[in-house]
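Given the coordinates of chain A, assemble chain B onto it according to the supplied hints.
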Amino acid sequence: MNAPLVWLHEEALRMTHPVFKVVPERAKAIYVWDDGYFRQANYSLKRLIFIYETLCELPVDIIHGNTLDVIRELAPPALYIPATNNPLIVNIIASIEATVPVKVVEDEDFVVIKKPSEFDRFFQYWNKAKKTAFLHNGGINA
Amino acid sequence: MEVLQKQFDDRESLITHVKALAPWAEGERSYIQGGRQKADMKLANIDPIAYACTRNHGDGKITRLSPYIHHGILSLSEVRNHALTKCSEPVQITKFIQELAWRDFWQRILTTHPQWAWEDAEPYKTGFTPQDYADVLPEDIANGKTGVACIDAFIHELTATGYIHNHARMYLASYMVHFRRIKWQIGASWFLQHLLDGDIASNNLSWQWVASTLSHKPYIFNLENVDKYFNKLVDTSPLTNQILHASYETLQAILFPNVRTA
Chain A
1 MNAPLVWLHE EALRMTHPVF KVVPERAKAI YVWDDGYFRQ ANYSLKRLIF
51 IYETLCELPV DIIHGNTLDV IRELAPPALY IPATNNPLIV NIIASIEATV
101 PVKVVEDEDF VVIKKPSEFD RFFQYWNKAK KTAFLHNGGI NA
Chain B
1 MEVLQKQFDD RESLITHVKA LAPWAEGERS YIQGGRQKAD MKLANIDPIA
51 YACTRNHGDG KITRLSPYIH HGILSLSEVR NHALTKCSEP VQITKFIQEL
101 AWRDFWQRIL TTHPQWAWED AEPYKTGFTP QDYADVLPED IANGKTGVAC
151 IDAFIHELTA TGYIHNHARM YLASYMVHFR RIKWQIGASW FLQHLLDGDI
201 ASNNLSWQWV ASTLSHKPYI FNLENVDKYF NKLVDTSPLT NQILHASYET
251 LQAILFPNVR TA
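Taken in order, these protein sequences are the chains called A and B.
No gaps in the numbering here: position 136 of the first sequence is 136 in the numbering used here, and each next residue is one more.
No gaps in the numbering here: position 30 of the second sequence is 30 in the numbering used here, and each next residue is one more.
No lab work stands behind these hints, which were simulated from the structure alone.
There could be a bad hint or two in this list.
Taking lysine to aspartate or glutamate pairs in the EDC-like style, the calculated list, with each CA pair at most 16 Å apart, reads [said to hold, decoys possible]:
hint, chain 1, residue 1, chain 2, residue 2
1, A, Lys128, A, Glu118
2, B, Lys6, A, Asp61
3, B, Lys217, A, Asp120
4, B, Lys38, A, Glu57
5, A, Lys130, B, Glu99
6, A, Lys130, B, Glu89
7, B, Lys19, A, Asp35
8, B, Lys6, A, Glu57
9, A, Lys131, B, Glu89
Next up, chain A with everything else stripped away, as it sits in the complex (with noise of 0.2 Å):
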């Protein structure tokens, strides 16, 4: 049977991140290098280069082609996934939950807020997370 799969995206190239602390042990990782993805984005040469100059360091497979045809055929019974706003890859998290289960992790917050889609300007912003910014993991318990 097939092990669940974290996919990692572009905007979440660590083994630090949250992911990896609830995927289990057997899990493997993996990044899609994607050419329509990038073309979509329409990334300079020295951006895909950052990429894949970071991908090397980490214990990833790259696994090149099309991000759904390459998760259809993996077939995880669990993929995770770095939660993300990035409407591109949000679009493409979309396609891949109707192919297999999918549960997208957070990344650790910065600061802690309450009541947070109160504020659409920095400082209404910035009042509440004064509070917990100077403080180490933002105060929250790692």
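Only chain B this time, still in chain A's reference frame:
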């Protein structure tokens, strides 16, 4: 299923490999390299106390950590924790923590309002409608040949290295949206193509802030301001930067003729 190679003799071989994978990708390499090792080296060298008083200057003690933060190589919390070890009192690094907080703020705003990635959050406060702004990136801007010396210098740095100082980003954004009347979306997309730290939330919402679609007024600048922060780093002579050589009052009247001043 093709698993790509990860071992290379040197950086040159890696770059050749990536070029072969993406022959369509524009431009060349940056001197800035990816990877956790490089990130750790940069993190070890930050000076969050000096950052407070020098960060606005082109040669200030900025960290250049943003490409590593954007790609999640470093977390914001990790950077903050490290900065706290470099001061005796947290208040000494308030500006540095605030800069990290700006990124967290933009992330939260985009998560709450995903449509703001590409749609105007609010009307322009410039006296113009969105239809008054151009939909294409002019060639002189793409090629760094606008004839405004400091702007061209910033463009060349952006396209060659994938990194420019935050102040330079604001100048370029303001120049494009307000001096050239180009839609902020065009500029934001162009930045995302080049910036190694190009992040939809921080980048696009900052463009909206400059444009005034996510702030109370448009952000503008003049040559005096560029000279104050980038003197000797770029050409700031009035002769080669004529369009920027004016007082804020004059620029306000020229750029926003439909806006009544109090």
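Evaluation of the provided hints:
no. : hint                : result
1   : A/Lys128 - A/Glu118 : holds, 10 Å
2   : B/Lys6 - A/Asp61    : holds, 9 Å
3   : B/Lys217 - A/Asp120 : holds, 15 Å
4   : B/Lys38 - A/Glu57   : holds, 11 Å
5   : A/Lys130 - B/Glu99  : holds, 12 Å
6   : A/Lys130 - B/Glu89  : holds, 15 Å
7   : B/Lys19 - A/Asp35   : holds, 12 Å
8   : B/Lys6 - A/Glu57    : holds, 8 Å
9   : A/Lys131 - B/Glu89  : holds, 15 Å
Every hint, counting from the list given before, is met by this structure.
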